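Number of protein chains: 2
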Amino acid sequence: MKHKSVEEIVLEIKDKSELMIDLAYSSLLYDNRTIAKEVYDLEDMIDELYKNLQVKTLELVENKKLSVNDALSVLRLAEAGEQIADAAQEIADVELRDVELHPILKLSIRDSDVVFSRVEVASGSILANRTLGELKLASETGMVVIAMRHDTRWLYGPNKNTMIDPGDILFAKGPEDGEKHLIDLASGKSREI
Amino acid sequence: MKHKSVEEIVLEIKDKSELMIDLAYSSLLYDNRTIAKEVYDLEDMIDELYKNLQVKTLELVENKKLSVNDALSVLRLAEAGEQIADAAQEIADVELRDVELHPILKLSIRDSDVVFSRVEVASGSILANRTLGELKLASETGMVVIAMRHDTRWLYGPNKNTMIDPGDILFAKGPEDGEKHLIDLASGKSREI
Numbered sequence: 290m291k292h293k294s295v296e297e298i299v300l301e302i303k304d305k306s307e308l309m310i311d312l313a314y315s316s317l318l319y320d321n322r323t324i325a326k327e328v329y330d331l332e333d334m335i336d337e338l339y340k341n342l343q344v345k346t347l348e349l350v351e352n353k354k355l356s357v358n359d360a361l362s363v364l365r366l367a368e369a370g371e372q373i374a375d376a377a378q379e380i381a382d383v384e385l386r387d388v389e390l391h392p393i394l395k396l397s398i399r400d401s402d403v404v405f406s407r408v409e410v411a412s413g414s415i416l417a418n419r420t421l422g423e424l425k426l427a428s429e430t431g432m433v434v435i436a437m438r439h440d441t442r443w444l445y446g447p448n449k450n451t452m453i454d455p456g457d458i459l460f461a462k463g464p465e466d467g468e469k470h471l472i473d474l475a476s477g478k479s480r481e482i
Numbered sequence: 290m291k292h293k294s295v296e297e298i299v300l301e302i303k304d305k306s307e308l309m310i311d312l313a314y315s316s317l318l319y320d321n322r323t324i325a326k327e328v329y330d331l332e333d334m335i336d337e338l339y340k341n342l343q344v345k346t347l348e349l350v351e352n353k354k355l356s357v358n359d360a361l362s363v364l365r366l367a368e369a370g371e372q373i374a375d376a377a378q379e380i381a382d383v384e385l386r387d388v389e390l391h392p393i394l395k396l397s398i399r400d401s402d403v404v405f406s407r408v409e410v411a412s413g414s415i416l417a418n419r420t421l422g423e424l425k426l427a428s429e430t431g432m433v434v435i436a437m438r439h440d441t442r443w444l445y446g447p448n449k450n451t452m453i454d455p456g457d458i459l460f461a462k463g464p465e466d467g468e469k470h471l472i473d474l475a476s477g478k479s480r481e482i
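If you're matching them up, the sequences are chains A and B in order. Mind the numbering: the first sequence is residues 290 to 482 in my numbering, read in order. Mind the numbering: the second sequence is residues 290 to 482 in my numbering, read in order.
Just so you know, the hints here were simulated from the structure itself, not pulled from any lab data. Computed from a predicted structure; not experimentally measured. Ideal placement from N, C-alpha and C gives every residue a C-beta, glycine not left out. Keep in mind that a hint or two might mislead.
To be verified - Okay, the calculated bits of chain B under chain A, using three or more residues with CB under 8 Å as the criterion: (1) 364-371; (2) 374-382; (3) 423-430.
Said to hold, decoys possible - Straight-line alpha carbon distances no greater than 30 Å define the calculated DSS-like cross-link-like pairs of lysine-lysine that follow: (4) A:Lys469 to B:Lys354; (5) B:Lys425 to A:Lys478; (6) A:Lys353 to B:Lys353; (7) B:Lys469 to B:Lys326; (8) A:Lys293 to A:Lys353; (9) A:Lys354 to B:Lys395; (10) B:Lys293 to A:Lys469; (11) A:Lys425 to A:Lys469; (12) A:Lys449 to B:Lys293; (13) B:Lys326 to B:Lys449; (14) A:Lys425 to B:Lys354; (15) B:Lys425 to A:Lys469; (16) A:Lys395 to B:Lys293; (17) A:Lys293 to A:Lys340; (18) B:Lys469 to B:Lys395; (19) B:Lys340 to A:Lys395; (20) B:Lys469 to A:Lys449; (21) B:Lys478 to A:Lys449; (22) A:Lys425 to B:Lys425; (23) A:Lys395 to B:Lys449; (24) A:Lys326 to A:Lys395; (25) B:Lys353 to A:Lys395; (26) B:Lys340 to A:Lys425; (27) B:Lys340 to B:Lys353; (28) B:Lys293 to B:Lys354; (29) A:Lys449 to B:Lys395; (30) B:Lys425 to B:Lys326; (31) A:Lys478 to B:Lys353; (32) B:Lys395 to A:Lys293; (33) A:Lys293 to B:Lys469; (34) A:Lys425 to A:Lys293.
Bound-form chain A, shown alone (with noise of 0.2 Å):
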């Protein structure tokens, strides 16, 4: 973490609390403890970051590389990143609180304009045994896949490497048509991409 540059870390504090809203209310859909607890994890992981972020930002302003003006949009914009990670674990929260949520709320957060599926990829579907990337799953569906299970091991914010095997798991979220189409894909249903 020493070596990242100010930008990257402003981007992982970004990338990261909008990936802990969307698997915070996935786990409240799918009444998942497991996802829940990794929002946990990821909201100590942005307070790392937005320590180191803070201490790199006044170096840099100390040795005149950074304006203030700059600074000041750096620190804004972690610090708008790390409420929303707030957000997420207070979403996150509702699942802890060992209260099922009531099925009409929930039905109204599945009613959003983005959905949130979960799928289990089939042996014969042509999801398996390719990556993310080769597939295009999210220009191509529309479905944006936010965590995976593979057997015991879970997988948060895969990137275009990741690579999808026959059994997994899949957390996603997108448009209602989108859905529709990852499930014929992932059941072997449909085999056009």
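Chain A is already provided as a structure; the job is to place chain B on it using the hints.
Chain B alone, transformed into the frame defined by chain A:
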């Protein structure tokens, strides 16, 4: 607003607060004060929604129509949404500070897994004179339109029934591959959605 159910308000706060984050980043990347100011207006709207929700939730509890546990979930989810809206406002503030974002910081945000895009719809484009619902743009390209400019009129968070006219400017977000696809569709270079 008085006739919305508690679940509908929770959903509205969720969707609007997430839209605000996207609008705020878009305003920064395209140095667009109009969008940044919209984030402020939406913040006010979320505050109103939240106050309204509190009253409704308490009344339901008083009338024994909602359990204390369910009411807590409702209030916490809405609080989280409000916090996300505040964070979005903080990001919009960076745009409204009148200090252009440092180019490297801009590039860094641009480098995210999710990119923001701004395209003009040519008259020969397949997107012209069709609704977002007909086009299924989000599931076919991964790009979600978050704002549109039609002459001097703006529309934020368009829905399935929103018609795209030639000359409209679309602000969208999605995966990098999706952006290329959207640019080709909007320019008329590709007619294959």
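Here is what the structure says about each hint:
Counting residues of the stretch 364-371 of chain B whose C-beta lies closer than 8 Å to any C-beta of chain A gives 5; at least three are required, and the coverage claim holds. Closer than 8 Å: that is the beta-carbon criterion, and the stretch 374-382 of chain B has 6 residues meeting it against chain A, so the requirement of 3 holds. Note: the stretch 423-430 of chain B has 5 residues with beta-carbon separation from chain A under 8 Å; the three-residue rule is met and the coverage holds. Proposed proximity of Lys469 of chain A and Lys354 of chain B is contradicted: the alpha carbons are some 35 Å apart, above 30 Å.
This hinted pair checks out: Lys425 of chain B and Lys478 of chain A have alpha carbons roughly 21 Å apart, not beyond 30 Å. Annotation: proposed proximity of Lys353 of chain A to Lys353 of chain B is violated, straight-line Cα distance about 62 Å (limit 30 Å). Pair hint Lys469 of chain B plus Lys326 of chain B holds up; C-alpha atoms about 28 Å apart against a cutoff of 30 Å. Between the alpha carbons of Lys293 of chain A and Lys353 of chain A the distance comes to roughly 19 Å, so the proposed pair stays at or under 30 Å and holds.
At roughly 17 Å between alpha-carbon atoms, Lys354 of chain A and Lys395 of chain B fall within 30 Å of each other, so this suggested pair holds. Restraint check for Lys293 of chain B and Lys469 of chain A: satisfied, since their Cα atoms lie roughly 29 Å apart, inside the 30 Å limit. Only pairs whose Cα atoms come within 30 Å are accepted, and Lys425 of chain A paired with Lys469 of chain A is accepted, the gap being roughly 16 Å. For the hint pairing Lys449 of chain A with Lys293 of chain B, the CA-to-CA distance comes to about 41 Å; that exceeds 30 Å, so the pair is violated.
At roughly 24 Å between alpha-carbon atoms, Lys326 of chain B and Lys449 of chain B fall within 30 Å of each other, so this suggested pair holds. Of the supplied pair hints, the one linking Lys425 of chain A and Lys354 of chain B is violated, its CA atoms being roughly 47 Å apart against a limit of 30 Å. Our distance criterion of 30 Å between C-alpha atoms is met by Lys425 of chain B and Lys469 of chain A, whose separation comes to about 13 Å. Taking the CA atoms of Lys395 of chain A and Lys293 of chain B, the gap is about 17 Å. The hint holds against a cut of 30 Å.
At roughly 13 Å between alpha-carbon atoms, Lys293 of chain A and Lys340 of chain A fall within 30 Å of each other, so this suggested pair holds. Simply put, Lys469 of chain B and Lys395 of chain B have alpha-carbon atoms about 19 Å apart, close enough for the 30 Å limit, and the pair holds. Between Lys340 of chain B and Lys395 of chain A the alpha-carbon distance is near 21 Å, which keeps this suggested pair within the 30 Å criterion. Our distance criterion of 30 Å between C-alpha atoms is met by Lys469 of chain B and Lys449 of chain A, whose separation comes to about 17 Å.
Of the supplied pair hints, the one linking Lys478 of chain B and Lys449 of chain A holds, its CA atoms being roughly 27 Å apart against a limit of 30 Å. Between Lys425 of chain A and Lys425 of chain B, the direct Cα distance comes to roughly 17 Å. Compliance with the 30 Å bound is thereby established for this hinted pair. At roughly 23 Å between alpha-carbon atoms, Lys395 of chain A and Lys449 of chain B fall within 30 Å of each other, so this suggested pair holds. As the CA atoms of Lys326 of chain A and Lys395 of chain A are separated by approximately 19 Å, the hinted pair is consistent with the 30 Å bound.
Distance hint between Lys353 of chain B and Lys395 of chain A is fulfilled; the C-alpha atoms sit about 20 Å from each other, no more than 30 Å. With a C-alpha separation of about 42 Å, the suggested pair Lys340 of chain B and Lys425 of chain A falls outside the 30 Å cut-off, and the hint is violated. At most 30 Å may separate the alpha-carbon atoms for a hinted pair to count; Lys340 of chain B and Lys353 of chain B meet this at roughly 20 Å. As the CA atoms of Lys293 of chain B and Lys354 of chain B are separated by approximately 16 Å, the hinted pair is consistent with the 30 Å bound.
About 23 Å separates the Cα atoms of Lys449 of chain A and Lys395 of chain B, which keeps this hinted pair within 30 Å; it holds. Taking the CA atoms of Lys425 of chain B and Lys326 of chain B, the gap is about 29 Å. The hint holds against a cut of 30 Å. With a C-alpha separation of about 47 Å, the suggested pair Lys478 of chain A and Lys353 of chain B falls outside the 30 Å cut-off, and the hint is violated. About 17 Å separates the Cα atoms of Lys395 of chain B and Lys293 of chain A, which keeps this hinted pair within 30 Å; it holds.
Using a Cα cut-off of 30 Å, the hinted pair Lys293 of chain A and Lys469 of chain B holds, with the two alpha carbons roughly 29 Å apart. Between the alpha carbons of Lys425 of chain A and Lys293 of chain A the distance comes to roughly 28 Å, so the proposed pair stays at or under 30 Å and holds.
In the structure shown, a violation is registered for the earlier hints numbered 4, 6, 12, 14, 26, 31, in ascending order.
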